[in-house]
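Chemist: In my numbering, the protein residues as written are 1 to 290.
Simulated from the structure, these hints should not be mistaken for laboratory data.
A quick note: this is a predicted structure, and the numbers were derived from the prediction, not measured.
From the three backbone atoms N, C-alpha and C, an ideal C-beta is built for every residue, glycine too.
Restraint-style ranges between C-beta atoms, simulated for each label pair:
{"no.": "1", "residue 1": "Arg-12", "residue 2": "Tyr-95", "range": "41 to 49 Å"}
{"no.": "2", "residue 1": "Gly-178", "residue 2": "Gly-103", "range": "26 to 34 Å"}
{"no.": "3", "residue 1": "Val-106", "residue 2": "Ser-182", "range": "16 to 24 Å"}
{"no.": "4", "residue 1": "Ser-231", "residue 2": "Ala-130", "range": "22 to 30 Å"}
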Amino acid sequence: MNKSDEGIQGRRKLSQGIMFSLFRIAAAINGAALLIIIYFLVAKGWRAITWTFLTQSPTDSMTKGGILPCIVGTLCLSLGAILVAVPIGVASAVYLNEYAPPGRLVRIIRLGINNLAGVPSVVFGLFGLAFFVVYLKMGVSILAGSLTLGVMTLPVIIGASEEALRAVPDTYREASLGLGASKWQTIYRVVLPASLPGILTGAILGLSRAAGETAPIMFTAAVFFTPYLPSSIFDEIMALPYHIYVLATAGTEIEATRHLQYGTALVLIVLVMGLNLVAILYRARLQKRR
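Sequences and hints are given; from them, build the entire structure.
Modeler: See the structure below:
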């Protein structure tokens, strides 16, 4: 090896080391930001976390009591959104990746999906109000809120599912077709199971976004106060993100409820992390089976 080759390799190692260092710094900054936020919420809201706070409804103009209706409402909306978005998103990704012929139409559809991913959540809220609440006459309800959140999370799930389908080697499809399976049997029994961990990643991202949104549900599902737990999908509900907004901006005693605001935010983060953890553990279990 001559000196020129050694110099080139040295520069490559140096540039590689610099880039890896930048990636590590970026990861460390993200991790530190998360820890700081969690520490801040714990420090400000830990004294609000009691059994009463987690198991009772708000009382005394929401300055006392608990947030049980908000927890139940957030769970209903988040799981409802995923039940709506995942089947439609996966079906759309299967069509785009497995059936749709390459061409202008597919490019337009993908462009529309990418643009929808960047639309502000308040626009989806106004759409849900106009279409689901008013036009379809669902009223302010869990169903209207879940459908609105489902539409909002669709672009994320479609994109992640399509990438997961692309990652499945073509040899899997060729082997299945060579054994006499139809195209649908190949997709259903070979491609989808192989891509399921990636699809679950998209579902996790969609669930996280749906659980933390305020603007879409304040138009379609959430109300200022209700002491009752929902009994059907047509009931209005309270939700953690909207409850935080109400306590911080529209409450009668904002300063007196400051610890409740932080406590509610802490519960929301723990709830989202718990739902994500369940999905991540299930995804890891599926990956071990492969």
